[in-house]
Amino acid sequence: MPKNPEIKKVLVIGSGPIVIGQAAEFDYAGTQACRSLKEEGLEVVLLNSNPATIMTDKDIADRVYIEPLTADVVEQLILKEKPDSVLPTLGGQAGLNLAMELEERGFFRKNNVRLIGTTSETIKKAEDRLEFKSTMEKIGEPVAASLVVENVEDGIVFSNQIGYPVVLRPAYTLGGSGGGIAHNQAELEEILANGLRLSRVGQVLVERCIAGWKEIEYEVMRDGAGNCITVCNMENIDPVGVHTGDSIVVAPSQTLGDKEYQMLRTSALNIISELKITGGCNVQYALHPESFEYCVIEVNPRVSRSSALASKATGYPIAKVAAKIAIGYTLDEIPNAITGQTMASFEPMLDYCVVKLPRLPFDKFISAKRTLTTQMKATGEVMSICDNFEGALMKAIRSLEQHVDSLMSYDFTSLSKEEILNRLNVVDDRRIWLIAEAIRKDISYEEIHEITKIDVWFIDKIAILVEMEETLKGRELTVELLKEAKRMGFPDNVIANLTGRSEKEIRAMRYENAILAAYKMVDTCAAEFAASTPYYYSVFGSENEVVKTRDRKKVLVLGSGPIRIGQGIEFDFCSVHCTWAFSKEGYETIIVNNNPETVSTDFDIADKLYFEPLTPEDVESIVRLEKPDGAVVQFGGQTAIKLTEALMKMGVPILGTSAENVDAAEDRELFDQILEDCRIPRPKGHTVFTAEEAKKAANELGYPVLVRPSYVLGGQGMQIAINDRDVEEFIGIINRIAQEHPILVDKYLQGKEIEVDAVCDGEDILIPGIMEHIERAGIHSGDSISVYPARSISPGVKATIEEYTRRLARSLHVIGLINIQFIAVGDEVYVIEVNPRSSRTVPYISKVTGIPIVPLATKVILGNKIRDLGYTPGLQPEADYFAVKMPVFSFEKIRGADIGLGPEMKSTGECLGIAKTFNEALYKAFLGAGICLPRHKNMIMTVRDEDKEEAVEIAKRFEALGYCIYATKGTARVLMEADIQVRLTRKLEQESPNILDLILGHKIDLVIDTPSQGIEHSHDGFVIRRNAIETGVNVLTAIDTARALVTSLENTDEKALTLIDIAQI
Amino acid sequence: MKAFLILEDGHIFTGKSIGSSREVVSEIVFNTSMTGYLEVLTDPSYAGQAVAMTYPLIGNYGICHNDMESQKPWLDGYIVRELSRIPSNFRSEDTIQNFLLKHDIPGIAGIDTRALTKLLRESGTMNGMITTDENASYEKVLPKLKAYSTGKVVERVTCQEPFTLEGDGCRVALLDLGAKKNIAHSLHQRGCRVTVYPASTSAREICEARPDGIMLSNGPGDPKECTSIIEEIQKLYQTDIPIFAICLGHQLMALATGADTYKLKYGHRGGNHPVRDLETGKVYISSQNHGYAVDTESLNPAIAMPAFENVNDKTNEGLRYKGKNIFTVQFHPEACPGPQDSSFLFDRFIQMMEVRKHA
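These protein sequences, in sequence, are chains A and B. Quick note: the first sequence uses this note's numbering, first residue 1, plus one each step. Quick note: the second sequence uses this note's numbering, first residue 1066, plus one each step.
Some hints could be false.
As the list claims (entries may be wrong) - Straight-line Cα separation of at most 35 Å, DSBU-like style, residue types lysine-lysine; simulated pairs:
1) B:Lys1081 - A:Lys441
2) A:Lys483 - B:Lys1205
3) B:Lys1137 - B:Lys1067
4) A:Lys548 - B:Lys1137
5) A:Lys138 - B:Lys1183
Said to hold, decoys possible - Reference excerpt, derived from the structure (chain A facing chain B, CB under 8 Å, subset only):
6) Phe158
7) Met349
8) Asp351
9) Asp387
10) Phe689
Please keep in mind that the hints were generated in silico from the structure rather than gathered at the bench. From the three backbone atoms N, C-alpha and C, an ideal C-beta is built for every residue, glycine too.
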């Protein structure tokens, strides 16, 4: 069936801000799909509120709207742009839910817009618990005994009937929000009540617990003619009970025989056929480990995180093919872009093993529970490929960038056998390390399996790695042994530690004996056909098959690894644009990255892609073969920057700002010298190593002070201390996260925080625009609301900022990008941080100013001058609209994480509000972030003493908007004195009904709770904020954010939003 | 113990001996299935060949005797990247290491199977030797390699005596040319009474049993070697008994009716090949194992018409015979290993028999 000629203009809905459970994979899928549609000559209109994405680039779609993802906005946009079709299956659950809402409103029918990709009936059948169950029953596919309930009582009755434990799954939520396993009635009541509230339709599925069964997933495709194929299957090493996003996943399945494999494959195809899905679909199974019994857990009628993983694991571009199917093509008409010879209607065959590890945020949320459940907590993931499982696991471990490089990286040696057995009962992110220790302590496979239900095949693989550790420790390191250790993925430094030699010696021994990494292709077909656009992974002990290329100049682009708080898709945006820019300049481009969710690891972005860990050793192996003419590190975040020194030692020229100058910005003494030379003030501060020194410095500077480790990203470990006790505690925490670098203690200045990104060619600078933060200094820039153009600073301050940027960029000899953060106190401007590299704000400022900073910086890196590129140096003229970047958090997903904002970054993503007026932009930004007010018009205020004065003004304005304000004693008194009608609520420790009952009573829209500075030693605020978040109530923890919110509410009417096409800027 | 794989073109791979340490010369082919190694090992169509598995981790779920597609492994040699140290599956009864030893199958592990596959892809299927003899040199073994041919292997793999799987549905005569167990099983499961005949059985003997339908099975080797069987099939063609044929059976029917077959460069062996039903345009993913194919050009349109084609290389994957109740496929609807998408063809065959029975 050829392309449907009636489809000419398609609206693609993206997935919005990055949150846990809905991350970069949808940028990857959306970008691929948009390119696939444009390739067909269709006009693509894109809607996504997330400015950090590649899909919201004007190169990707014809019309780009970075607007809030609400049904009203979609309606308005459809009326404005008049697309004939809407493609909702690429924007994750967010996109699907929006489409369903509009379908229910009858909007599509009324306006003659068709839903392509999948019909609303299909979405309903797959997503609605009841319909799904009856559909499965109709075709004889087993599901776990279950019942959809709409109230807690029914849940109790049914659970008593099927027996505890039971699993609870709210309908229409993403990443399993609000779900969980209840082992008894008390737990059931708690989780169920919460789940009912979070579900869009007030439904929760209560089902038989199949925890401990094997969790197997199939990625399947179907076209409009009914042809179906399987892209791949995946086996979760962690059995049912841990969300697949938090599980260690291996592809293809390892412990299934052909009978089981085909049984589930046939089932998946039956399901996709019955649901009449046109496009990609993910089917999750629980397979009984000791029989052929299985249950269908879930079906996702859209591209998903798993489909991104399956695409990267196999080379089969699911989103691209799904887009082609959506416009009418059949699988046998779509070419397989990797081989160029076969068609999309074949099933990929792997001749390697893929391991995915989740990147969990417990290094950011130290207080959070590390337990893994059916609620996803990972912010990102890494994938690695090898011809053996051991090697794939070892490579994945070191790709995590969490100070882990082997199964010895978490030290459990002090635990007794009993303690280990006990701890194995609780699943957390360190389970494989604990299993390794269990094996070292001679705990049998059977005992480990009995507790964890992890298949013994995987336990044996961990044992093989542990045995290798022991062998390396105890035996002479022969060439044969070294070969074997390398084959299993042991890095040189680990071998060095185990054998008591230096890393250099190991490396030398490898080179002398030609024990070198070879690279194999991912070609979708296990070498059956020649490949035209393959990508590569390393193995040891096999033949190298990388095609040597020497015709063009080569550039190595280092990616940014897994998505984590502080280093998100913004850096992938930069890496991809840099790659494209180099390509345009005639370079051969080589990307190294290990993140399966990203655009940069798509098969056709760079000329060559190496799916590898980003460690010096792994990069060196690539450099040895490719001999690039240069490497760019300034676009890949801290991950790439950290490789600078190693690259220089390998003799690879660093393109752009030199390594010494990167160092100068990070090294306190060098940097102080530069500031002094440039006559630029900074908050006073000292470099210290011990808690004693830190306290001395703090007292000399005067509290409050900022304490932070140097060389970090996202303000990790940064805190505001108000007394000696805080300092001691923070230094303790910093030293726990292996810290080789000194600690910085700075005077904390409370002023306006301002940020710029600039391009510098060594002489001139170009500043696209100045961004101002709504929250005053003290809150991490990534967690602050950022406004362009800056509206509350004087022209004088702007001029100073421009001048300081010029001086700094010049004296650091920046070639390329630089990001500087300032604090303005009155007319005084201080520099607080300089990063001679790309930053989080680069995609945002590029899009709202229309200045393509990354391609510009790339051209500058290649020796061009700003003046010759058609730009007038200096600060560019301000736009005549406002753009507000709003941070988005995932606090509800991380049990036990403190949501109070501070110098350490906590947000997972961002969205944009752009409009002619500041207030509308602000309103859009809040709306995009999901802060949708009002429902009940009830709010709670409980603010720290410093904020009480400002709280009065804010409360008055909320009151004027019709809000009923509850407050605790201190806050209430201040508000009452200002004649505000306030209702006093009891504090947490007081008897019921108190503030907690109020929150749990679900009548509250908003909590404004500003925690006191320093370490909060009372637990009350924490409990209130956690409960509010987990009840789905909006919580603001900074007084400035509260003011911004009330401002936006005062001024805007959602029905009258103006939509702005970013592509026209 | 070290083992070597010496190829006709001079490439030598060094690995570890698995299974029997005896020397073997054979035709080297590769299979891309990721599961189903036991089904591959016991598929009689591999008689006369040594099989390299492109999936690197083999033996993970051990050996479950129930999954064997015939009484024993028929292939000459087994080539893998890595054998799993332990098997893990609730049905596993043995390890693959023991299985190979027990059946005296020589093999080699620890070689770069991807590099081997690429050689076979580029140069085409070739002969090779698996040996543990450290002194074996290419020059010495080359004449042996050159001299090797699979020969009349069907005779080796077919059953010795007829036997019957009872059932009260259609009566099927299954001519065992090296049949995989699941062909008889697929029919039996659908209620058929299946009588399995040795490959040398005459057409007369089969017809005298008055079957409702005749099934020609898969099997090993060059179809053109099966001269006497082809003669008998010519006779079967002349009857009006419905015939369904798979793989070698499909090729023999084509040869019996005047068409030609040819050797593919490196064959199709795996579980991911798309075949298009030329009547409906629908595509099915199929299980495949064949080194020869029917030459579409050689078909007489008055006799046979292509019914299926391979989506990748457009080679013939099935035929419909004009004015006859005969249809044949090159791929394996009985799966095992591989996708079960085309198992409906057995239903089609049964329907064909039913229609004729009641006509």
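Each hint, compared with the structure:
no., hint, result
1, B:Lys1081 - A:Lys441, "holds (31 Å)"
2, A:Lys483 - B:Lys1205, "holds (31 Å)"
3, B:Lys1137 - B:Lys1067, "holds (26 Å)"
4, A:Lys548 - B:Lys1137, "violated (46 Å)"
5, A:Lys138 - B:Lys1183, "violated (46 Å)"
6, Phe158, "violated (30 Å)"
7, Met349, "holds (4 Å)"
8, Asp351, "holds (4 Å)"
9, Asp387, "holds (5 Å)"
10, Phe689, "violated (48 Å)"
Taken one by one, the earlier hints fail for this structure at numbers 4, 5, 6 and 10, listed in ascending order.
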